[in-house]
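Knowing the structure of chain A, use the given hints to seat chain B on it.
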Amino acid sequence: MDFNALIDGLGGHTLDGLTRGSIYALVALGYTMVYGVLRLINFAHSEVFMVGTWTVLGVYTVLGADSESAMPMVIFATLTALVAAALASASVALAVERIAYRPLRKKNAPPLIFLITAIGCSLVLVEIFGHVLKVFFGAPFGRAPVNVPSPIQTHTLLTIGDVRITNVQVFIILGAVLMMVALDLFVNRSRLGRGVRAVAQDPDTAALMGVNQDRVIMLVFILGGAMAGVAGLLFTINFDITKFDIGFIIGIKAFTAAVLGGIGNLRGALVGGLLLGIVEVYASAVFSSNWADVTAFIVLVLVLMFRPTGLLGESLGKARA
Amino acid sequence: MLLKLEDVVLNYGKIEALHGISLEVAEGEVVALIGANGAGKTSTMRAISGVRGLHSGTITFNGEDVTKLRADQRMRKGLCLTPEGRGVFPGMTVTENLDMGAYTRRDKSGIAEDFERVFGLFPRLLERKKQIAGTMSGGEQQMLAIGRSLMSRPKLLLLDEPSMGLAPMLIQQIFSIIGEIAEQGTTILVVEQNAKQALSRADRAYVLETGQIVKTGSGTALLDDPSVREAYLGVA
Numbered sequence: 000m001d002f003n004a005l006i007d008g009l010g011g012h013t014l015d016g017l018t019r020g021s022i023y024a025l026v027a028l029g030y031t032m033v034y035g036v037l038r039l040i041n042f043a044h045s046e047v048f049m050v051g052t053w054t055v056l057g058v059y060t061v062l063g064a065d066s067e068s069a070m071p072m073v074i075f076a077t078l079t080a081l082v083a084a085a086l087a088s089a090s091v092a093l094a095v096e097r098i099a100y101r102p103l104r105k106k107n108a109p110p111l112i113f114l115i116t117a118i119g120c121s122l123v124l125v126e127i128f129g130h131v132l133k134v135f136f137g138a139p140f141g142r143a144p145v146n147v148p149s150p151i152q153t154h155t156l157l158t159i160g161d162v163r164i165t166n167v168q169v170f171i172i173l174g175a176v177l178m179m180v181a182l183d184l185f186v187n188r189s190r191l192g193r194g195v196r197a198v199a200q201d202p203d204t205a206a207l208m209g210v211n212q213d214r215v216i217m218l219v220f221i222l223g224g225a226m227a228g229v230a231g232l233l234f235t236i237n238f239d240i241t242k243f244d245i246g247f248i249i250g251i252k253a254f255t256a257a258v259l260g261g262i263g264n265l266r267g268a269l270v271g272g273l274l275l276g277i278v279e280v281y282a283s284a285v286f287s288s289n290w291a292d293v294t295a296f297i298v299l300v301l302v303l304m305f306r307p308t309g310l311l312g313e314s315l316g317k318a319r320a
Numbered sequence: 000m001l002l003k004l005e006d007v008v009l010n011y012g013k014i015e016a017l018h019g020i021s022l023e024v025a026e027g028e029v030v031a032l033i034g035a036n037g038a039g040k041t042s043t044m045r046a047i048s049g050v051r052g053l054h055s056g057t058i059t060f061n062g063e064d065v066t067k068l069r070a071d072q073r074m075r076k077g078l079c080l081t082p083e084g085r086g087v088f089p090g091m092t093v094t095e096n097l098d099m100g101a102y103t104r105r106d107k108s109g110i111a112e113d114f115e116r117v118f119g120l121f122p123r124l125l126e127r128k129k130q131i132a133g134t135m136s137g138g139e140q141q142m143l144a145i146g147r148s149l150m151s152r153p154k155l156l157l158l159d160e161p162s163m164g165l166a167p168m169l170i171q172q173i174f175s176i177i178g179e180i181a182e183q184g185t186t187i188l189v190v191e192q193n194a195k196q197a198l199s200r201a202d203r204a205y206v207l208e209t210g211q212i213v214k215t216g217s218g219t220a221l222l223d224d225p226s227v228r229e230a231y232l233g234v235a
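If you're matching them up, the sequences are chains A and B in order. What the first sequence shows, in numbering that gives the first Met the number 0, is residues 0 to 320, in sequence order. What the second sequence shows, in numbering that gives the first Met the number 0, is residues 0 to 235, in sequence order.
Bound conformation, chain A alone (with noise of 0.2 Å):
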């Protein structure tokens, strides 16, 4: 144990755990969504996280662009992955949903049913990328962790005290928030989000306001999705890296994050995700990586013995300015 070096280097923790915890709470969102309006785990998210990372390595490659580029490149690249991976993301989101989900949901099938081909949808997913594509077209598919080098060369933008903000942490913690905000407004001002919110609540009645219900699962699942795959660009951003079953931690921890900060509530998503990738990089810092996980999940059950229904505890229907 080794607390000094947390204390010391304090800010340097808080910042990295902000910028590990965006991402979760980016990819919590698509959990806590889903959630909001089913009342299912969708355990397939953590691979429509994972589609968005390799089309963020896809439209790099197309492009060729790398470290060595020059910045409207690098622009150009980066824009393009975000809203290609937001894109892709989204619509593995929606085939998920339409062909997997639907036919449940018209059968009236039990949750059980629902949480058993979440986790087969999850499972064909990983192997679509971890074994089908590449006897197709070879590598970088298979089980290997692939590079995703990001064209946006890390420095320095400004200095606080000891801690350095590089201008890729702002970038993440930047993207992820506007991201958040955006949905929020959505979701709480807009008249589509009023629908969202209103099956949330109560779906018989949303249905005798015209509400279509099929719409609305379908735009969450779009949403959700597309957040999903920001949150795969801003990884890869980050570490660099993707391998194809990338999105099992990664929506593991989301998943932790939304239940953290009460699942179906938006605002609950972001500090849940902010709390736990500060708790895992101050554990790193005190104990060694290797107890990032463990502690994270002590919190997780520390936090759920005293408030059960997490730490904002609204549903999304409920949750309000």
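Please note that the accuracy of each hint is not assured.
Covered by chain A, according to a simulated footprint, are these stretches of chain B (three or more residues, beta-carbon under 8 Å) [unchecked claim]:
{"hint": "1", "region": "69-75"}
{"hint": "2", "region": "218-226"}
Listed below are several chain B residues computed to face chain A (Cβ distance under 10 Å; list not exhaustive) [to be verified]:
{"hint": "3", "residue": "L53"}
{"hint": "4", "residue": "H54"}
{"hint": "5", "residue": "F88"}
{"hint": "6", "residue": "G90"}
{"hint": "7", "residue": "E95"}
{"hint": "8", "residue": "M135"}
{"hint": "9", "residue": "A144"}
{"hint": "10", "residue": "S148"}
{"hint": "11", "residue": "S151"}
These are calculated hints, taken from the structure and not from any lab test. For each residue, glycine too, the CB sits at the ideal point set by N, CA and C.
Here is chain B on its own, set in the frame of chain A:
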């Protein structure tokens, strides 16, 4: 006929809740559907609104067969149900709930007019505009639920037990407002356990017993009918 049900059968699993109901509502009418607990009143409303699919039978609305349409599609045709009990969105404000009633509408000025109209009918809602609906009293929530339905400018307003769980004073008030809404030209089909109030306000009424219509007639005629008086009005 604005609304016509023919031989409507509705099941919950293996249990048949409605055994072939036929009823009609003409434009401009106030029609009451009375019956004891479990007679199938709410099931009838769910069948008409489309929350629950039929086993057999047809429902025609405004000359169009709507039997196969979903609830949200029927609502767009002008059929709006105020559900039984606390049918408001508990986490939304009063204004947001009313906005939900106008969810399918795009005419901003018309919506603004209807806000005025609803606030005119229910001044209490104007006072509580910003309040979260789930924190209001039962009576206020009922007013909100009715007001929200009006926001859709329904051709036919379906009211499921508007007096349920309310104090006698409030029941009086709700029914006089329902009368006012009818006078303003909305056709109403109201389901009630409070038979006396419902029958005295209704042009016509149906009596429902164990999933079947057993009697029909004008509101006043049924009020004077000895068997109705005995069974539903508590007078021998």
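query = Which earlier hints can't be squared with this structure?
reply = When the structure is compared with the hints, numbers 2, 3, 4 and 8 turn out to be violated.
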